[in-house]
Every structure is written in structure tokens, then in C-alpha cells.
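Student: The residues making up each chain are set out below.
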Amino acid sequence: MENASKWSRKDLIGIEELTREEIEIILEMAKSFKATIERSRKKVPTLRGKTIVNLFLEPSTRTRVAFEVAAKRLSADVVTVQGSSSSQVKGETLKDTALNIQALSADMIIMRHSAAGAPKYLSKYIDVPIINAGDGAHEHPTQALLDAFTLIERFGSLEGKRITILGDILFSRVARSNIWALTKLGAEVTLAGPSTLVPERFAKMGVHVCHDLKTSIKDADAVMLLRIQRERQTTTHFPSLGEYTALFGLNKKRLEWLKEDALIMHPGPINRGVEIDSDLADSGRSVILDQVTNGIAVRMGVMYLCMGVSENSLAEPLPL
Amino acid sequence: MKETDNQNNALWVRGGTLVDPYTKKEEKRDLYVEEGKYVEKPEESFFKYAEEVDAADCIVAPGLTDLQVHFREPGETHKETIETGSRAAAAGGFTRVVCMPNTSPVCDHAGVLRLISHEIETGACIEVLPTGCITKGAEGKELSPIGSLKNAGAVALTEGGKCVQNNELMCRALEYAKMLDMIILDHCQDYSMTENAVMNEGEWSFKLGLRGWPHEAEDLMVARDAILAEKTGTPIHLQNISSGSAIDIIERVRSRGVPITVEVTPHHFSLTDAALEGYETCFKMNPPLRSEANRQRILQALKDGIVDCISCDHAPHTEDEKDLEFDYAPFGVIGLETSLAVSVTELYHEEGFSLMRIMELMASVPDQIMGFESKALVPMNDANFMIFDPNASWTVDKEGFASKSKNSPWVGRTLKGDLKLTSYRGNVVFSKF
Chain A
114 MENASKWSRK DLIGIEELTR EEIEIILEMA KSFKATIERS RKKVPTLRGK
164 TIVNLFLEPS TRTRVAFEVA AKRLSADVVT VQGSSSSQVK GETLKDTALN
214 IQALSADMII MRHSAAGAPK YLSKYIDVPI INAGDGAHEH PTQALLDAFT
264 LIERFGSLEG KRITILGDIL FSRVARSNIW ALTKLGAEVT LAGPSTLVPE
314 RFAKMGVHVC HDLKTSIKDA DAVMLLRIQR ERQTTTHFPS LGEYTALFGL
364 NKKRLEWLKE DALIMHPGPI NRGVEIDSDL ADSGRSVILD QVTNGIAVRM
414 GVMYLCMGVS ENSLAEPLPL
Chain B
126 MKETDNQNNA LWVRGGTLVD PYTKKEEKRD LYVEEGKYVE KPEESFFKYA
176 EEVDAADCIV APGLTDLQVH FREPGETHKE TIETGSRAAA AGGFTRVVCM
226 PNTSPVCDHA GVLRLISHEI ETGACIEVLP TGCITKGAEG KELSPIGSLK
276 NAGAVALTEG GKCVQNNELM CRALEYAKML DMIILDHCQD YSMTENAVMN
326 EGEWSFKLGL RGWPHEAEDL MVARDAILAE KTGTPIHLQN ISSGSAIDII
376 ERVRSRGVPI TVEVTPHHFS LTDAALEGYE TCFKMNPPLR SEANRQRILQ
426 ALKDGIVDCI SCDHAPHTED EKDLEFDYAP FGVIGLETSL AVSVTELYHE
476 EGFSLMRIME LMASVPDQIM GFESKALVPM NDANFMIFDP NASWTVDKEG
526 FASKSKNSPW VGRTLKGDLK LTSYRGNVVF SKF
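From first to last, the protein sequence lines are chains A and B. One gets the numbering used here by counting positions in the first sequence from 1 and adding 113 to each. One gets the numbering used here by counting positions in the second sequence from 1 and adding 125 to each.
Simulated from the structure, these hints should not be mistaken for lab results. Just so we're clear, the structure is a prediction, and the values are computed from it rather than from any experiment. Don't take each hint at face value.
[Claimed, not checked] Straight line, CA to CA, 30 Å or less: simulated DSSO-like cross-link-like pairs of lysine-lysine: (1) B/Lys162 to B/Lys531; (2) B/Lys153 to B/Lys173; (3) A/Lys365 to A/Lys327; (4) B/Lys447 to A/Lys208; (5) B/Lys523 to A/Lys237; (6) A/Lys237 to B/Lys557; (7) B/Lys162 to A/Lys208; (8) A/Lys237 to B/Lys153; (9) B/Lys153 to A/Lys208.
[To be verified] Cβ pair distances, simulated, as ranges: (10) B/Glu355 to A/Ser308: 33 to 39 Å; (11) A/Lys365 to B/Gln421: 28 to 34 Å; (12) B/Ala181 to A/Lys237: 40 to 46 Å; (13) B/Gln421 to A/Pro382: 42 to 48 Å; (14) A/Lys365 to B/Gln425: 53 to 59 Å.
[What the hints assert, rightly or not] Here are some chain A residues pointing at chain B (derived, C-beta under 8 Å): (15) Arg286; (16) Gly397; (17) Arg398.
Here a beta-carbon is modelled for each residue, glycine too, at the ideal position from N, C-alpha and C.
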């Protein structure tokens, strides 16, 4: 816990700007919080009296609920504002919405937005911490942190581990955050999927790019499947979901291509029968539900750290 | 000096170095202006009543020409008007600008054009020349009344930041324009490849998660335009070229004599897509800032003469309109008041271009492309000139703009090349003296 005092960020916008040490501080915090939520009385008084606003301007269920649960475990009051970022129904801009929320004495804003860069844009105007819960195709930092947490829980360390991210990389914020997090933690990352969704240019981010399923997964220690985000594709990036499944879907037969102890991950929501067959998703190889549980601990850690900086209480850390 | 008419519009510009891209002469001599025109040897009494301008250490050059500005009148006068836009032009050393027809309503018939002409007559402090749309409503579906637009005073046809996608229609527009001896100014963009795109497609768009606008979408339309210009013989002026590969295409077809000319903007030759790192919307424009390799190719093309001229694509938007999430902010930056200084800083000081070359790019060549009157510093010509110190630095200040809008990517930057005075027909329309 002593490392928490080394954390100096008020906002968590992305993984790209974090150092390896900063990522490890969050994971260490998450580990402590995971121990607390495994107790029968799951709540800690850490953020009692604080108001956390979930500003979700793009549809989300699991991330919103995970943040809500995490905030409640920390004893914070949670207000959820849902809407559509592009409609701005009453003509109010994001800036004004956020300034109003701040004026209602919110102590932290968790934001989901369909436009990349929106949390960074807002952080220029807002004094309270902003946690990015996903911005367009840019970043989804807490997802990558919970993925890293889950992998480290199983492997002990990511150093030298081979992780394959499979699917719609082009439109995926989860992929981007994971590329940064996993490579910073020492893993070797391969991106796989159809060439239209996994352009060669991603190799510049320090990863391998592969368009053949078997080659991409045969040496992997873990395979992270991504949902095909049909709603983000303006034109057809592949012929059909059927063809996607035929070329890149994970099924029982292809399980044999994987190493015996390789893990299967998915950030959800799963398109059963598209990226992955049901029997695999529900098998012992899958850590999909661990990811969900760990998401609570990781988000508690992030909220705790950022609130601590905002309170400027590094000398006297918040009671845990 | 006050920005008003002086007696007889008599000016005595002393001690400057004249750089005249129309006559290709560079010489240190005084310049005399009487009744708004240059005179060779004024009468003795001139030296008593003429207003003296001390141009020591300064360059005296013909007023600049910009072939692509958006003055937003009619319809969006909260962003800019012909009056404020022309003052911004004067404050940037321009005495002639060509304004785009994407107003509200768009200028696609003689009625709107006459309204614009009226505003120019009453409000503009320099020469502002209107254009008309190629197609009705700039919708790319049917030809606008091109002949009536020409008769009402349109100096060129253009969709004003849009691009006719239908090749058959573009071909007919060119054939029709040929009959009327008109030039078409085209913004090259294939829409099918740029749907929802907000920045250059490349390393940075992948990192930032923003939708990419690949340079190939420009290359395709440049190639299309080259093919149709060759077929019809109608000149096409390619606006705000941003792609290095487009430059390669242009170089190839021009060697065959295809009537294609090219402009680039100061932002495309001085900035790259790396500027978007912080999602700042003052760097959002169309076409988008490209990679360093594209920027280098454009600089080389400016040197080699493949690029004919510099236009700034002055596109005013208010601070509130620009202060949004990157995806939602409008495209465009203002440029008239920084165009000269950015060119002097980047091309003269950084790249070693001569000032004569910069004056060609910004004055004589754009005039020749359009068939406009020469602004040479010779007797009997209108006294349309400007004075600037190429070595003096200044810092771009948001509050200092004459433009109604402040959406400049250079705010806070220190530039070299400080404009001192602009004269339009002997009237001092901008002065720091």
C-alpha cells in the first residue's frame, strides 16, 4: 500500500501515458481491494461522503454497473446520468453538462462517450477527477487494467508471455488500451483478425500483426477475443458474420490449436456463435467471469488513487 | 498612421527593398503613390504633402492574393462578414481574395451573387472576388446556372470545400465552363473513403482512435480531375492539396501539358498530424494535417514549382463552435493574418526559399492562374502593396485578430515576418506605423 503515495494522477484517461510503475501501483491497489470484496461484508468506508457521477453518454451495461458497484463498495454515493453524446437533446454541450455536474458538488466523474478524446477534452475544464470508462475507439483503461490483473493472477507475471488479441482491432478501444498495458508489462502481443480490421500499420505500436488464426494462436498463453462491433463500421469490413466465424471464430475443433493451458478472455458482451462457441465460453479455459469480478477491484483501486490525489491527502491517505 | 484616406492618396515609401514577382525585380528604391497609383517621378511639391512611410529594413511588395477564403456572408455572419474578412485580409498583407460560395444560402445563382457583390461594394476594404457553385445547392446533382453566375460577376466555379462525386457531371461542368472561358477550383475528396473521417489516416489516427481520412481519397480525385482536364481542356485549379502522392500524379500529368494548377496551405506545409495528440480542435481541418513525409513532399514541390501558389483556406468558426469533442467540432482554421508570417518563417527562414519565390507563390502566380490584373510595382498601376519586416518576430495573440473568429492553430506561437502596412489603391487599409 505504501506505493499508493507515488500515484500522482487526478484523472485516468488512458494507459498510453502511464508508466509500468503506475500500472503496477493500480494492480497492487486492486489486489488489496479484491481481498476486501471477498469478505462477507464487502463494503469499506473509504469514500464515504463522496459523490461519484457516472456520466454515460453511450449505451453501456456492464461497465456502468461495474463502476457503480465499485463506488458503492467504497461507500461513495453514486449518481448515474445516461444519455446520448451526439444528441445533446436540449442543445447543451458536453462542457456545460460536466460543469453543471461539477457544480452539483460531484467529487469524481466516470465518463463513457462515443467520441475519442472526450474525457481528455473535458479534463481541461473540470477540476474533479475524470475516469475514462471508454471513449470512442481510443481507450478503455480500466478494461485493460482488469485484463492485466486477471492474467497476472493466473500467470504471476506477464514478462515474456504471449498474448493474442483477436477480432475487431480497428474500432476497439479495448484493444488499444490492452496493447499499451500488456506491452508495458513485458508481454509479447499479437493482433489477429481480418486484414481490414487489423491493418499492418498497427505494427508500429510495437506488436505483431497476423491474419491467420492458427498461426496467431498456436503459441499464445492467452487469447483475448473482441466483439465484432458492427455498429462502428461505416462500410463492410468483411463479407459476413458467417464468414468471420468461418475464418476467425473459436470453436471446439480449433481449441486443439491452442496450448493446453492457454486462457480464453473476452471483455464482453459476447456474441455467442460468432467470435466464440458457447461451450468454449463456458469452459474451464475461459476466465471471462473472473474478468468481470476483477473489474470491481480494479475500479475501486483507480477511484481510490485518483480521489486521493484530488483530495491532496497524500500525507494522510484515505482510511481503508 | 491612421487607416484612412490621406490627401490625394499620396504616399512616399522611403528606404525599403522592393521585391516585385511580376517584373522579377528586386531593388532598393523609394516608391511614390499619387491619387492611388504609382508614379515614376513625382513633382517637387509631392515631397511636401505626401505622407511619408519609413520602410527601412523592410520589404515592399505587391499586395498578396489568396484564392480560397470563406467569408460566411450571407448566412453565417457571426463567424465572419465580408467587411471583417476583408480587414483580416488587409491585416495579413492581402489586397485581393477569392471568396468561396459555400455561404448560407450557397451562391448557386445570380441573386445570391448580386447580394454578395453588394456587400463587397459597401463593406470590403480590399478587392474581394466572388465565385459561384458548380452545381445547384452544391449538392453535386445538377449544374447551376453557370452562365448567369459568370454574367453576375463570378470569377470561377467551385463547390467551396465540397467535391462533385459524379464524374459524368464533373465532365459536363468542365465542358460547359470551357465555353464560358471559366476555371474550376476543386477541393479533391472522394466521399466514399472519408465517411465520418476527422483526421489523417495513419499512425496517429490509430493511436487516437479517430476515424482516418486517407490521402488516397485526395489522390483519386486529383487523378480524376487530371483525366477530365485533359479530356476537356478546361483548366482546373486544385485547392489545398495535402497528399504527397497527389503531387506525384500532378507532376506526371503536367509534363504532358494538362491544364492543372495547384495550391497548398500554410498549415499543410508547416504542421503535421502529430499536432492532434491532445485532440485540440484548432488543428481540425479538411483536408486534414498529414504525416511528416507528406509535408516534406509538399515543401519539395513548393521548391520545384510543382505547387503553383499558397492559399490559406481561411475558414472562420467561433470559439464556442470549435469548443467541442473532436468528432463534433467543425473543420477549418483561419489563416489570412498568419499566412505571410508562416510562409516567411517556414519557407524563408527554415527552408531557405527566396523572398521573391514566396511573393510569386502568394501574389503573382495566383493572379496569373486566374487571369487577374498584374499588381506590379510599376507606374500607372493601382498602389496595391504591403510592407513587412521579414526578420521581426511577433507572437500570435488571439485578441489581436481582425477576423471575427479566432480559430487559428498558431495562437501562442512566435512567427517571423511582421506586416507593417497594407495599401489598397493608395488607401492605407492596415498600418502598424
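Student: All hints are to be evaluated individually against the structure, with a verdict given for each.
Tutor: Here is how each hint holds up against the structure:
1. B/Lys162 to B/Lys531: Answer violated: B/Lys162 to B/Lys531 is near 34 Å, above 30 Å.
2. B/Lys153 to B/Lys173: The given pair, whose Cα atoms are some 22 Å apart, holds under the 30 Å limit.
3. A/Lys365 to A/Lys327: Answer holds: A/Lys365 to A/Lys327 is near 13 Å, not above 30 Å.
4. B/Lys447 to A/Lys208: Between B/Lys447 and A/Lys208 the Cα gap is close to 12 Å, so the pair holds against 30 Å.
5. B/Lys523 to A/Lys237: Distance of about 19 Å is within 30 Å: holds.
6. A/Lys237 to B/Lys557: violated (36 Å)
7. B/Lys162 to A/Lys208: Given pair B/Lys162, A/Lys208 is violated - Cα atoms ~53 Å apart, limit 30 Å.
8. A/Lys237 to B/Lys153: violated (51 Å)
9. B/Lys153 to A/Lys208: violated (55 Å)
10. B/Glu355 to A/Ser308: 33 to 39 Å: 35 Å Cβ-Cβ, so the 33 to 39 Å window holds.
11. A/Lys365 to B/Gln421: 28 to 34 Å: Since A/Lys365 and B/Gln421 have Cβ atoms about 53 Å apart, the given range 28 to 34 Å is violated.
12. B/Ala181 to A/Lys237: 40 to 46 Å: Since B/Ala181 and A/Lys237 have Cβ atoms about 45 Å apart, the given range 40 to 46 Å holds.
13. B/Gln421 to A/Pro382: 42 to 48 Å: holds (45 Å)
14. A/Lys365 to B/Gln425: 53 to 59 Å: Holds - the Cβ-Cβ distance for A/Lys365 and B/Gln425, about 57 Å, lies within 53 to 59 Å.
15. Arg286: With Cβ-Cβ at 6 Å, under 8 Å, it holds.
16. Gly397: Not OK, violated: A/Gly397 not within 8 Å of chain B, min 34 Å.
17. Arg398: Violated - the Cβ of A/Arg398 stays beyond 8 Å from chain B, reaching only about 30 Å at its closest.
Checked against the numbered hints above, the structure breaks hints 1, 6, 7, 8, 9, 11, 16 and 17 and satisfies the rest.
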